[in-house]
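**Student:** Below, each chain spelled out in residue letters.
2 protein chains.
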Amino acid sequence: MSKGLLIIISGPSGAGKGTVCKGLMSMQLPELEVSVSATTRKPRTGEVEGISYFFKEKEEFEQMISRNEFIEYAQVYDNFYGTPRSHVQEKLNNGKDVILEIDIQGAMQVKKNNPEGVFVFIMPPSFEELKNRITSRGTETQADIIKRLHEAYNEVRLSRNYDYIVVNDDVNLAAEKVKSIITAEKCKLKRFKIDYNSYKEE
Amino acid sequence: MSKGLLIIISGPSGAGKGTVCKGLMSMQLPELEVSVSATTRKPRTGEVEGISYFFKEKEEFEQMISRNEFIEYAQVYDNFYGTPRSHVQEKLNNGKDVILEIDIQGAMQVKKNNPEGVFVFIMPPSFEELKNRITSRGTETQADIIKRLHEAYNEVRLSRNYDYIVVNDDVNLAAEKVKSIITAEKCKLKRFKIDYNSYKEE
Numbered sequence: 007m008s009k010g011l012l013i014i015i016s017g018p019s020g021a022g023k024g025t026v027c028k029g030l031m032s033m034q035l036p037e038l039e040v041s042v043s044a045t046t047r048k049p050r051t052g053e054v055e056g057i058s059y060f061f062k063e064k065e066e067f068e069q070m071i072s073r074n075e076f077i078e079y080a081q082v083y084d085n086f087y088g089t090p091r092s093h094v095q096e097k098l099n100n101g102k103d104v105i106l107e108i109d110i111q112g113a114m115q116v117k118k119n120n121p122e123g124v125f126v127f128i129m130p131p132s133f134e135e136l137k138n139r140i141t142s143r144g145t146e147t148q149a150d151i152i153k154r155l156h157e158a159y160n161e162v163r164l165s166r167n168y169d170y171i172v173v174n175d176d177v178n179l180a181a182e183k184v185k186s187i188i189t190a191e192k193c194k195l196k197r198f199k200i201d202y203n204s205y206k207e208e
Numbered sequence: 007m008s009k010g011l012l013i014i015i016s017g018p019s020g021a022g023k024g025t026v027c028k029g030l031m032s033m034q035l036p037e038l039e040v041s042v043s044a045t046t047r048k049p050r051t052g053e054v055e056g057i058s059y060f061f062k063e064k065e066e067f068e069q070m071i072s073r074n075e076f077i078e079y080a081q082v083y084d085n086f087y088g089t090p091r092s093h094v095q096e097k098l099n100n101g102k103d104v105i106l107e108i109d110i111q112g113a114m115q116v117k118k119n120n121p122e123g124v125f126v127f128i129m130p131p132s133f134e135e136l137k138n139r140i141t142s143r144g145t146e147t148q149a150d151i152i153k154r155l156h157e158a159y160n161e162v163r164l165s166r167n168y169d170y171i172v173v174n175d176d177v178n179l180a181a182e183k184v185k186s187i188i189t190a191e192k193c194k195l196k197r198f199k200i201d202y203n204s205y206k207e208e
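Chains as they are written, first to last, in our numbering: chain L, 7 to 208; chain Y, 7 to 208.
Pulled out of the complex, with its shape left as it was, chain L reads as follows (with noise of 0.2 Å):
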């Protein structure tokens, strides 16, 4: 069986990853797979272990900081959260194709160490609109929303650092642009296994 494809989909705040993923899921694809992230805040009502998130206690995740078992983790306020090398080495293996949604700087320490993966760079169609997103939430003050934006255009310069670009004008189309970067990634010719023999004259 050959090893499914580790696929990145990442963006800035606000750029629309959750839903474009949620789109991608939603088409069923049978080889297709979400990794689950660990992380060290409480469980909510309804979340469940291994479906929503590993939850961990915030000594065994550091545990697994120092035992390298990570390929990307950050701390958010008090909270840990990372994606266990194991959980997603498993499903690779087993011919499963993975999507990994998480921010840019998380994808930048998947790279360092996983350059064969697929890296998707959800991109806001404009400044304008993302602007609106973010003041449309209504959950930030004033300065947040100004620091999310300083940010939000900081990282849209990292876009260079991607394999692909996926303007999030319309949350469909962006989702089908996704699955065909992962069919045809399938299909390139560093990924495929010819046996030659198979082709030759008895």
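Hints are not guaranteed to be accurate.
Because identical chains share one entry, a pair is satisfied inside a single copy or across any pair of copies.
In silico lysine-lysine, BS3-like type, Cα no more than 30 Å apart, as pairs [said to hold, decoys possible]:
#1 Lys192 to Lys137
#2 Lys199 to Lys137
#3 Lys199 to Lys185
#4 Lys28 to Lys185
#5 Lys192 to Lys62
#6 Lys64 to Lys48
#7 Lys194 to Lys118
#8 Lys137 to Lys28
#9 Lys137 to Lys196
#10 Lys194 to Lys48
#11 Lys117 to Lys185
#12 Lys9 to Lys185
#13 Lys62 to Lys118
#14 Lys194 to Lys137
#15 Lys196 to Lys28
#16 Lys153 to Lys199
#17 Lys102 to Lys48
#18 Lys64 to Lys199
Because the hints were derived from the structure by calculation, they are not lab data.
Once you've looked at the hints, dock chain Y against the given chain L.
**Tutor:** Then chain Y, alone, in the frame of chain L:
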């Protein structure tokens, strides 16, 4: 307007590149056009100048060769066939994606001067199937069939010079894959011109 993609669909005789291209064109992608070849053979009933072929006198064709006006050309028995450079360039400059459906020798000529092209190799699913397809045409002698199978085997080995390999075990699936390759290529970082200023803060 950004330039279109040059897509080379090629493969051994019997791999089904013609039917895959027909399947692709039947999807009526708005930006996709097929390149029209020039030839010195006489028009057959129903063939239309500029649609079926550009029909040329032998002398004219040879002058075009000497002026380097073909992306690729070949002599097949007494007739010349070739792809006029100006015809393809005009479409590309108008933002159209252009399909060249050509044999492997032609594709390798194209690659020399157009490395930015997208080179897709249509692979027969197996030698057994290739044999069935070539034999079932019923138009060729036993000696012809053996010759063509031998050629096909050598041609399969040339797939390593292509960007993508599409196994043609199902023509609709194969055409869908080529469509995905075109979509994905348009998302590639290198083909993407980002106007960072449009994301700039006021």
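**Student:** Hint by hint, work out which the structure violates, then give me just those numbers in ascending order.
**Tutor:** 5, 10, 18
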